[in-house]
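So the chains spell out like this:
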Amino acid sequence: MPLSTAERLFAAEGIAASLRIDGRDPLDARTVELETGVILQASGSCRARVHRGSQVLVGAKVAIETLDGASLGAGTSTGLGAALGQGGGRIVCQVVCDPSVAATGGGRCGAGSGRPVDDLTGECGQRLSELLNSAASGIDLASLVVIPHRVGWTVYVDVLVLDLGGNLFDVVLLATKGALCNLRMPRATVLSVDGKQDYDISSHETERLRGAEAIPLAVTCYRVGRRFVIDPTLEEEDCSDLSLAIAVNAAGQVCYMSKSGNGASHGSLIKTMMAFATRRVPELLRVADHCILQQGTRTRAIQGFKV
Amino acid sequence: MRREIVSPEGFRQDGRRPEELRRSHFRTSLFQQVDGSAYVEQGNTQCLVTVSGPREPQMRSKSLPDRAVVTVEYAVAPFSAGERKGPLRTNRAHTEVAASLQATFEAAIMTTLFPRSEIMICVQMVQLDGSALATAINAVSLAIIDAGIPVTDYVTACSAGYIGSDPVLDLNYLEESAGMPQLTLALLPRTRKIVTMAMEQKLHLDHLEPTAEMCEEGCLQMYQQMNAYIASASKLATLITPSA
Amino acid sequence: MSSTAPSNAETAFIRTAAAQGLRLDGRAPTAFRPLKFHFASTPGAVEVHLGAADAAAGNSTKVQAVVSAELGRPAILAPNEGVLAIALELAPDFSAAQASVHRNEEEASVSRLLERALRRSGAVDLESLSVIAGEVAWHVRIDIRVLDAGGNILDAACVAALAALLHFRRPDVGVEHTPSTDFLPSAGAAADAATAALAASGGPSVRVYGPDERPPVPLTMHHLPVCVTFAFFNDGHDVVLDPTRGEEIAASPATPDSMAFVLNANGELCALRKDGGCAMDLKRVLQCGRLAALKAADLTKAIKDAVARCEQAMLSATKARAAAKGTNDASVVAVENPVVLEE
Numbered sequence: 001m002p003l004s005t006a007e008r009l010f011a012a013e014g015i016a017a018s019l020r021i022d023g024r025d026p027l028d029a030r031t032v033e034l035e036t037g038v039i040l041q042a043s044g045s046c047r048a049r050v051h052r053g054s055q056v057l058v059g060a061k062v063a064i065e066t067l068d069g070a071s072l073g074a075g076t077s078t079g080l081g082a083a084l085g086q087g088g089g090r091i092v093c094q095v096v097c098d099p100s101v102a103a104t105g106g107g108r109c110g111a112g113s114g115r116p117v118d119d120l121t122g123e124c125g126q127r128l129s130e131l132l133n134s135a136a137s138g139i140d141l142a143s144l145v146v147i148p149h150r151v152g153w154t155v156y157v158d159v160l161v162l163d164l165g166g167n168l169f170d171v172v173l174l175a176t177k178g179a180l181c182n183l184r185m186p187r188a189t190v191l192s193v194d195g196k197q198d199y200d201i202s203s204h205e206t207e208r209l210r211g212a213e214a215i216p217l218a219v220t221c222y223r224v225g226r227r228f229v230i231d232p233t234l235e236e237e238d239c240s241d242l243s244l245a246i247a248v249n250a251a252g253q254v255c256y257m258s259k260s261g262n263g264a265s266h267g268s269l270i271k272t273m274m275a276f277a278t279r280r281v282p283e284l285l286r287v288a289d290h291c292i293l294q295q296g297t298r299t300r301a302i303q304g305f306k307v
Numbered sequence: 001m002r003r004e005i006v007s008p009e010g011f012r013q014d015g016r017r018p019e020e021l022r023r024s025h026f027r028t029s030l031f032q033q034v035d036g037s038a039y040v041e042q043g044n045t046q047c048l049v050t051v052s053g054p055r056e057p058q059m060r061s062k063s064l065p066d067r068a069v070v071t072v073e074y075a076v077a078p079f080s081a082g083e084r085k086g087p088l089r090t091n092r093a094h095t096e097v098a099a100s101l102q103a104t105f106e107a108a109i110m111t112t113l114f115p116r117s118e119i120m121i122c123v124q125m126v127q128l129d130g131s132a133l134a135t136a137i138n139a140v141s142l143a144i145i146d147a148g149i150p151v152t153d154y155v156t157a158c159s160a161g162y163i164g165s166d167p168v169l170d171l172n173y174l175e176e177s178a179g180m181p182q183l184t185l186a187l188l189p190r191t192r193k194i195v196t197m198a199m200e201q202k203l204h205l206d207h208l209e210p211t212a213e214m215c216e217e218g219c220l221q222m223y224q225q226m227n228a229y230i231a232s233a234s235k236l237a238t239l240i241t242p243s244a
Numbered sequence: 001m002s003s004t005a006p007s008n009a010e011t012a013f014i015r016t017a018a019a020q021g022l023r024l025d026g027r028a029p030t031a032f033r034p035l036k037f038h039f040a041s042t043p044g045a046v047e048v049h050l051g052a053a054d055a056a057a058g059n060s061t062k063v064q065a066v067v068s069a070e071l072g073r074p075a076i077l078a079p080n081e082g083v084l085a086i087a088l089e090l091a092p093d094f095s096a097a098q099a100s101v102h103r104n105e106e107e108a109s110v111s112r113l114l115e116r117a118l119r120r121s122g123a124v125d126l127e128s129l130s131v132i133a134g135e136v137a138w139h140v141r142i143d144i145r146v147l148d149a150g151g152n153i154l155d156a157a158c159v160a161a162l163a164a165l166l167h168f169r170r171p172d173v174g175v176e177h178t179p180s181t182d183f184l185p186s187a188g189a190a191a192d193a194a195t196a197a198l199a200a201s202g203g204p205s206v207r208v209y210g211p212d213e214r215p216p217v218p219l220t221m222h223h224l225p226v227c228v229t230f231a232f233f234n235d236g237h238d239v240v241l242d243p244t245r246g247e248e249i250a251a252s253p254a255t256p257d258s259m260a261f262v263l264n265a266n267g268e269l270c271a272l273r274k275d276g277g278c279a280m281d282l283k284r285v286l287q288c289g290r291l292a293a294l295k296a297a298d299l300t301k302a303i304k305d306a307v308a309r310c311e312q313a314m315l316s317a318t319k320a321r322a323a324a325k326g327t328n329d330a331s332v333v334a335v336e337n338p339v340v341l342e343e
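Residue numbers (the UniProt record's numbering), protein chains in the order written: chain A, 1 to 307; chain B, 1 to 244; chain C, 1 to 343.
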């Protein structure tokens, strides 16, 4: 159902008075439930469910790819070439929607006047891909190289959006971190045969993705009126004209930033948002890492974070 | 290196007997924003279904004056199978499954009660490990019941293959890819009448009867499990909801 | 062809008649309409008529099937096999009585079953279509055009496709190795001009023989899977075989209430379609299956006989021509009048 002007005004004025529709404070987040190892067919997987909010399922798969296109993925070898040229493997990210999400509101976000769903998932996939393939992600991309300039692992991160309830990117990044920490890839050993390098993939020995624990998490700040909120519902997201996704690592360093929305803002608000994010995310990481890194294939954890 | 589907001792590779179903697991009412939803796990095949409606059709031209229109969207997650597949928008096999699901549930839902409206069913296969169509039918059946849409009966489905001289029930991926004929049957369990049948590979007509009979048994077992689940889920719901 | 759908009164009449075992065209419930084959002079082109030519409008189905073949690259996943493609097209005037959405659905459902019947059941031996493994193979294409949709398009299309496949002759080919170069063909050959590139690169070259050099070769068929369709009336109580358009509509108040079996003469079931429709006992399904097997044997025999008689006729015509002309250019002789066979 599209939001009416009156409803928009109600939400915006509520936020101006520090009152949100669901009773939270502007800087309060909803509880997230994480479950790792849910998909046996994937090398790593994680499901994140925000209480009364978005729900995503992330499956990560690894594939060994050779540059001369003889192996699978002939069409993708160009991206691989670029990655191997820079001395690293690559991570391919894609965000797709469950048909029921894509079908609600004729392919638009639930609030109606919002953006097309494809647009939103496209942006989310783009951000995820940029962040994970950068050095700031903490992932040891060089460890994905098997034979320099020729053979490397490609990690495919496929995100399935099961339910859309606002604040998609933060949830997707959280679930992706869960899936990548949960990832077990077969060990590849390099052998020399007649002076030519070749590789062998072990069928029982597996290894983790190095540096996955260091992946930052994001807080996206949405401006509504003169204030900003985090973890908005779909309705609140619809009222916002500017949002800034800030990914911060455990050391409090900003790793990635991306703005979207039509609005323009003074530097002072951006500074406030960044200061908030750098303070907030390390706390969040402590809770989230604890949940994600718990032993066992099916861990179920509730995290509610308050400032 | 063709491995035996059924060992001389009468066991299959996953330890089941030929006439044994895989362990299944059901959940309903998973989402708030749709009218009904269900999650079904049969072995490692996992399926998530949401149902919206009856509601005003999104495409007015599709509405019918005397009954509701049933639309089905069928999608398979990129990480669902052994090898990763990019999402293909127009996959022939997927449209076939969608058409089959649509026809099945048009027959089972009392569509004439809701003229000029639409019932939308979205099926998402989360993981594939054989018998995808059967799992999808069972999941849709539960989601429709969860949405409170009137149906003549449950529709329960089950697959069976035929190997050597005996049928085997509820094939997994390994058995499916061994190239044996596979029959999927959807049943209205109370009257034991068949709504939908689909087949893969070649099967001699003489073997159709034992295979179909085994499917029927499987469908009836599925019905017991699904019905028990729905009964317990609705009991739970009445316990939680305080009576006035 | 009548462009209006039957009225409610007409469909009600069809249903009531079916309950008494009667059909509008006087057939028994389990009888097929007469089947006629018109073979064209070119091999692989056939027109199949299901129903008498003077049948009432909407009661006869005409389907044309044309088989063609050209050399190309084999599919990556099956380098040692040729490629078989099936294209189905409903003639534009078919849609006059039907909404176009419905027509697309029908087209899709018919082509899906044809795909199963002809391709996935392995009717055509694809391995024999390979010329050079991984490099060159025959791409066989069946174009099926529905000229007149008088019901039971599926069965008619299947019969037409099989007759065309049996009737088709592809040119013979030979592989010649140029002794000066490597035996292995180069991997750089372009997909569309595979043969030309191969020849240019000095690998083995493919020579296509004209019909006067070597006689064209028929396709190797493993079996002939034919389709038999049933329509159900009055909640599955009454059943008819080979429904006409009117009967199809009468049988589908909501969704098409039909069941199709694809069988070969050995009684092997290659495909089975029952999507929704009325719920029925397994016993009933098996009864229909047994009946379908009998009909399938009849249909296969009809197809084989028709093709054999057509070939006989072509052969004698060719001989007659050659004798009349007294020359040796037998290759240009064509049968001007299509052979008509009535079954």
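Don't take every hint at face value.
To be verified - Beyond 10 Å from chain C on every Cβ pair, some chain B residues (computed):
| no. | residue |
| --- | --- |
| 1 | D14 |
| 2 | R17 |
| 3 | P65 |
| 4 | F105 |
| 5 | R116 |
| 6 | A178 |
| 7 | L205 |
| 8 | A212 |
| 9 | Q225 |
Unchecked claim - Here are the simulated distance ranges between beta carbons:
| no. | chain 1 | residue 1 | chain 2 | residue 2 | range |
| --- | --- | --- | --- | --- | --- |
| 10 | C | R120 | B | H25 | 29 to 35 Å |
| 11 | C | A17 | B | T191 | 25 to 31 Å |
| 12 | A | D118 | B | P8 | 52 to 58 Å |
| 13 | C | H177 | A | G195 | 30 to 36 Å |
Hints are computed from structural coordinates only; laboratory data are not their basis.
Predicted model, so just to flag it, every value in this text is computed and none were measured.
Using N, Cα and C, we set each Cβ at its ideal position, and we do this for glycine too.
Evaluation of the provided hints:
no.	hint	verdict
1	D14	holds (27 Å)
2	R17	holds (22 Å)
3	P65	holds (13 Å)
4	F105	violated (8 Å)
5	R116	holds (15 Å)
6	A178	holds (16 Å)
7	L205	violated (5 Å)
8	A212	violated (5 Å)
9	Q225	holds (21 Å)
10	C/R120 / B/H25: 29 to 35 Å	holds (32 Å)
11	C/A17 / B/T191: 25 to 31 Å	holds (27 Å)
12	A/D118 / B/P8: 52 to 58 Å	holds (54 Å)
13	C/H177 / A/G195: 30 to 36 Å	holds (33 Å)
Hint violations for this structure: numbers 4, 7 and 8, all remaining hints satisfied.
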